[in-house]
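Asker: Listed here are the chains, written in short residue letters.
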Amino acid sequence: MSSPFMKLWGVPILLGILTVVGLLSALFGDGIWDALSAVTLGVPVAVGAWFSLRRKPG
Amino acid sequence: MSAQSLRWWSWIHKWSSLVCTVFMLLLCLTGLPLIYHHEIGHLLGNDVEAPALAPEVAANPPKANLDDVIASAKTLYPNKIMMYMSQELDEPAIWNVTLGDHPNDEHYKPIAVDARTAKVITEPAFEGGAFMSTMLRLHVDMFAGLPGMLFLGFMGLLLIVAIISGVVLYAPFMRKLDFGTVRHERSTRLKWLDLHNLLGIVTLVWALVVGATGVINTLADVLLKVWQATEIAAMIEPYKDAKPLVTMASVDAAMKTAVAAEPGMQVGFIAFPGTPFATPHHYGVYMHGDQAFSSRLYKPVLIDAGNGTITDRRELPWYLTALLVSQPLHFGDYGGGWMQFLWAVLDIATIIVLGSGLYLWYKRGRRAKAEARQDKAVAGVQPVLARSGEQA
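These protein sequence lines are chains C and L, in that order.
Here my numbering is used: position 7 in the first sequence is 7, and no number is missing along the way.
Here my numbering is used: position 23 in the second sequence is 23, and no number is missing along the way.
Note that these hints are calculated values from the structure, not bench results.
Don't take every hint at face value.
Here are the simulated BS3-like cross-link-like pairs (lysine-lysine), alpha carbons at most 27 Å apart as the crow flies [to be verified]:
id, chain 1, residue 1, chain 2, residue 2
1, L, Lys191, L, Lys14
2, C, Lys7, L, Lys191
3, L, Lys109, L, Lys74
4, L, Lys225, L, Lys109
5, L, Lys191, L, Lys74
6, L, Lys176, C, Lys7
Build out the structure end to end from the sequences listed, making use of the hints.
Answerer: See the structure below:
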């Protein structure tokens with residue numbers, strides 16, 4: 001995460017990959033695959049909620 | 001990025017979003033209740049449940065003869081004809097039967113029939129009741145039929161352009177900021193710009209997928225017509241001089257013939273002669289698998305509705321397979337309750353991105369006007385980024 005490119009795009013790429021995994025896993029299986037989907041889709045949602053709602057001190 | 005290309009991408013982002021935003025807000029707002037249509041149907045008392053059978057019968061439930069199921073439904077509307085009958089994988093105790101005045105009747109009558117006893121359970125509310133039906137029609141075609149559907153598809157394409165140009169613009173705006181920075185303290189406009197960038201990049205892949213699969217869905221009617229004009233036409237070539245049907249073969253026997261021809265598959269729905277999924281001379285028996293993915297893929301078995309024999313069966317063409325696979329990715333109905341919830345949150349996040357985008361455009365317009373007045377006094381051109389104050 002040191003290069004300027006990864007500083008800018010590292011997190012977005014990671015969240016994008018997690019979203020793709022989440023969208024596909026539930027499509028190809030049930031049970032554990034639905035759970036994997038919930039977790040991987042949940043991360044971008046949680047990240048969005050966390051950074052939107054937090055207030056930096058100062 | 002050069003100032004020139006930044007200006008060019010900004011122009012694309014501004015106009016592609018401005019044109020589609022109102023419609024995307026409509027789609028997001030109407031889509032929200034549609035995510036929970038089962039639950040809302042339950043709350044409104046519109047969902048259908050098969051009655052409990054006596055324990056000794058329920059242990060090994062019988063399967064009613066399909067001809068009896070049809071006869072039961074028809075007792076409610078003796079003058080209407082069969083359009084479709086379908087069954088959901090998780091509800092094998094119910095046949096959803098639709099009757100109409102003609103094979104393309106938009107005001108069809110849905111009837112739920114017990115698949116074990118062939119008794120009518122209820123006449124479910126049309127499209128889930130007045131509220132859900134209104135949401136669905138607004139979402140699908142704004143009550144404007146095929147033109148409305150294709151128009152929304154075009155708006156969806158603009159959304160995709162807006163998302164891609166938004167990603168391009170993410171770089172110059174965020175280069176000097178840490179991921180997730182929201183500058184609350186500077187100005188309301190800057191705070192919403194940061195939230196717009198944050199929620200936009202977080203929902204990026206989901207919004208692209210839901211947008212693109214939505215666009216594909218708007219082509220459903222067109223794709224179906226292409227299929228009818230090509231493959232179905234080829235399958236029924238021998239029937240082009242056939243006389244209209246007088247007597248109809250047993251639907252139960254047709255179903256059993258189809259099941260025997262496709263071992264391991266189950267009946268998803270049966271289309272009756274004259275409907276878009278059949279031909280004037282055939283039952284279309286649509287078989288599908290029972291696994292997560294295979295249940296999305298249908299294989300049509302065309303059965304001569306005069307003598308009950310198989311005329312043809314073949315795989316769906318790639319474009320209909322693409323349509324069928326795109327549907328769950330648009331609806332978010334394939335991963336259980338958590339997926340529904342995340343779909344709803346992502347939908348709301350998208351509403352915030354759309355709303356903040358509108359707000360930023362409005363603010364920027366006012367600011368640009370104020371600066372234009374200033375520029376008259378102070379000659380000189382400022383770089384785009386400095387002018388809009390996006391840099392930290």
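Asker: Hints numbered earlier in the text: which of these fail when held up against the supplied structure?
Answerer: 5
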